Structure formats: C-alpha cells, structure tokens
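Starting from the known structure of chain A, fit chain B onto it as the hints suggest.
Chains as they are written, first to last, in my numbering: chain A, 22 to 293; chain B, 205 to 475.
Simulated from the structure, these hints should not be mistaken for lab results.
This one's a predicted model, so the numbers in the text were calculated from it and none came from an experiment.
C-beta: ideal position from N, C-alpha, C; glycine also.
Hints may contain errors.
Here are a few chain A residues that face chain B, going by a calculated C-beta distance under 10 Å [as the list claims (entries may be wrong)]:
#: 1; residue: P53
#: 2; residue: A89
#: 3; residue: S123
#: 4; residue: L131
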Amino acid sequence: MPDSAIKIESLEKSFPPARSGWRAFLQPFEKPTAVALAGVSFEVRRGEAVALLGINGAGKSTLLRILATLLLPSSGTACVAGHDAVREPRAVRRELGYHAGSDLGFYARLTGRENLRFFGRLNHLSDHTLRQRINLLGHQFRLGEALDRQVRTLSSGTVQRLSLARALLHQPSVLLLDEPTRSLDALAAADFRRFLKTEILQGLGTSLLFASHTLPEVDFLADRVAVIDAGRLIACASPAALKLKCGAATLEEAFLRLTGRKASFNDKGGDA
Amino acid sequence: MSRVLRELWLFFWRDLCIARTYRSPFILEAVEALFGAAMFYYVARFVDSPQLQRSLPQGGTYFSYALVGFVFFDYLNAALDSFDRSLEEARDAGTLEPLLVTQSSLPVILAGSAIYPFVATTLRIAVYLGWGAALFGFPLRAANWFSVLAVLLATLLAFSGLGILSASYLLLFKRGNPAKWFLIGVSSVVGGMLFPVSILPDWLQLVARLNPVTYALEAMRGALLAGAGFAELWRSLAALLLCAAVLLPCSMAVFSWALRRTKITGTLTHR
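Bound conformation, chain A alone:
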C-alpha cells in the first residue's frame, strides 16, 4: 500500500445549473457551470485522520462522493490507497467504507442483521467472517436487539449506528464519513468517537477522512483539518497549528478567521 491513503491533486468539480419545467430534460446534457470544487489538492497519510471543515455547500460532500466513486470529477485526480477513483472504481471501493451521514439506505422491512448480511456479502465477505463482524460491530455500536428488528422500527440514531457498522463491515483501510454523528444523541456520539479513535484509528490503523460541523469532534478525532471554502482548500494543518496560525483560542475562532466569516445568531455552540 502506498504512503498516501488518499491523494487528491488539482481536483475540480462543476455541476450543470439546476433546471425545472421542460428545461429539466436538457439538464443532463448541459455544460457544468456551477463550481463545487476548484483545484483542491491534499493527501491523507496512512493511519491519519483528516477532517473536512467548511460551511454548507463548501464542497465537502462533493469531495467525499468523488472519492466514493459516486461522482466523477471535472478534472484532476483522486486516489484511494493508490487506486484512481475514475479509472479503478472497483479497486477503490474495495479499500473504502463510506457512510453518507443519513439514516436512509437500508431495506426497511429487513432486519438490521439481514441488511448487514446482504451488504457484507456484496462486499464478498464469507458467512463465517460476516457472522463474526456483525456480532463484533453490533456489540461495539450497542445495536443489541436492534439487529434482529426490522429497520423500519428503529430510531434514526440506531439506523445511523447501523449504517456506520455497515461501513466498517469489510474492514476497509480508508473510511469516508460524512457528518457521522449527525443523528446520534450526545452519549452515542461520544461513544462513537471514542470507538472510532481507539478501535478503528489506533487499533486497526484505518485512515479517516470525515466531514463534520461539530468542532469538538474535529478537535478530538482529527490529526489535521482541511478547511474548505467555496470549493477551495484554504488551509490544511493540525488543529493546534491552525489555532496558532490564526492566533485563535478555539478551532471555531480559527475557522471564522480563516474563512473571513462571522458567527451568526451570536451562538457560542460548537458548530461551524
């Protein structure tokens, strides 16, 4: 495996403008003009955890979706474990676990276990390995009896934990998480962060790229923070280095100074 778990070079992505009415028929063929990523370059080293920080629409999810082979970049390259996301999408998918941050994505009338078994087998896990992994992850994510209940009967937080378990099922070398604790309660979120840090990052040496608006989470998990604003990477350094560079006491302050924005609603919360 190369030194870089993820390597992104001059990555650009534009989308065609949104259309409605009869013009929607032309949208799939229109020239992309709305810029989502404008020449982003950085890398995630093996075993490293990098957070993507930016306001809504900054391009974080677009970047993660390109790496997950769900979007094609307009130009530039995105590699996962040495495999190009455009030319070798299958090899890329073998290496990564992807969690889109939503509590959708399961067959509502199947149980949690049946869902995990289905997706695990599509990732070519044997029955024996699957049983072990499902039991282990079920324990670690405190899924308990939820594993044997239909997904439609589970709370959104439980479904999100199930989704995280699915992303980790095939022991990927690279994890892509898009707002992983969005639907979790404070206790579950704290548990999850601890589990991610000790078991996945430190225990297995998995590399992590995650988008988050929860700054304490970023501070706790990330070795480095990539700040993205309007599709551009404006900084990439450790949380401590970012604070030092901006002369800020907190990551929130550093983020606001870097992006030249002001906190709205006068809130002192942890969201960026």
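Quick look at chain B alone, frame taken from chain A:
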C-alpha cells in the same frame, strides 16, 4: 462465475425476505387470478363461435387464446418494468448509493434486482393457468413445456433490453417509462393479445410483423396450446433472439452512459 451467481441469488434472497413480510398479497393475487380467469372464460363463452375458433391460428377456444395473451402481457410488463422499478425503489429508499459502493457490478445489481419480479410473475401466470385448467377447461395437457420454457427465456432476453433502456431513461429524467408506454400501447393493438393480427388491415399487419411481441405471443401460443416443438417455433425464437442480441448490449451501453452522465451531473440520487 460462481461469485456472480451467488450475488444474483443474494438479490433474490433479499426480495424474497422483503416479500415474506407482506403475507396477504399472495392470497389476494391468487384470488385476483381466479376472477381474471373467470372473466375471460365468460367473455369467451359470450363471443365464441365455430367461425371464431376456425380463425384462431392455433385452433382451440377463444378462452385459451385470450388467457395466454393476457398472462403473457403480464410477463412483458415485468420485463419492461422490473429494472426501472427496482432502480426507482432503490433511489427512493436511499439504498442505491450503498449498493453502488459495494464490490458488486452494476449489471449484476440490475439483473439481480429483476430476478424476483420475474419469478413472481411466472408464479402468478402459473396460478392463472392453473385456475384456467382446474375450473374452465384450459388445455394444459397439450403444452410442450420445453418449448414454453425456451419461449419464456427468449422473451425475457428480448424485452429485458427495453427494460434496461427504460431504467436509463429513469436515471436521466427521473420519471416515466416510455419503452413500456410505447410497446404495451402499440402491442395491445398490433401484438395479438386478444385477437389475431390477421384481422387487422394490411398496413397494421406489417407493423405487427415488425413488433417482437407478435413473435413472442405466436410462439407462446404454439408451445402452450398446440404443443409445438423447436422445429415449428424456430422462426419466432430466432426473431426474439435477434432482438435480444441487438437490444441487450445496446441497452447496457446506454445504461452505462446514463449512469456516467448522472455521476457527472450529480443527479444519481435525485428524484
């Protein structure tokens, strides 16, 4: 190969598990099939005459002719509908993205998702024909089952291409199934569903000859009602297989292109 078969089975297992959670539809569909078969039986009794029977290509009663036409259209419907319906369901339930980040390939995901609807349709047809045979004298004993199987397979292959084209359309434009609308619409008039194409005006008969549904129905009636073997059916089977040989690779290419477009435009999961 065995890995592909395992994955195809996995999709069938998934859909079977989901279907198992809805129990009443199986019973309701069996009852619906009884009413459907009865309706054709009494319509046939009303319109049947020695003259009408003589004009039917494979002989027999109008009831058996119409019942085969009707149930076969169910199959055609499944071939045209299964791919885009499974895609639509995956998109709406949010399972499309998790599926696309697995190791499974897109053709396997598509084919796998279509297996259960095809099997369910086959069972439904069996129930229709079973009611027809048990209560209304449908001549099941005349059937050549190897030919029936061959015609079903050729029909599936021929029309799956159109189903995959519909799925491509859905990917790009999010709603609608023009292939189904066109083929079902045209074929209900010029496909020989409820009446032989020989009663149509000459120019419509020409259209019917260009329609693969006509060949599929002729072959199915020949196999089911007249016990025809491969020697009698080869022309129809060849027409269907030719249709499949052209449409399947074309439709897969179009689907790959459509998927690529949606990955460029970022509309893969849009509704």
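Hint by hint, here is what the structure shows:
This hint holds: P53/A has a C-beta 7 Å from the nearest C-beta of chain B, less than the 10 Å allowed. Against a cut-off of 10 Å between C-beta atoms, the interface hint on A89/A holds, since the closest Cβ of chain B lies about 5 Å away. The beta carbon of S123/A is positioned within 10 Å of a beta carbon in chain B (closest approach about 6 Å), and the interface hint is therefore held. Checking L131/A against chain B: minimum C-beta separation of about 6 Å stays under 10 Å; hint holds.
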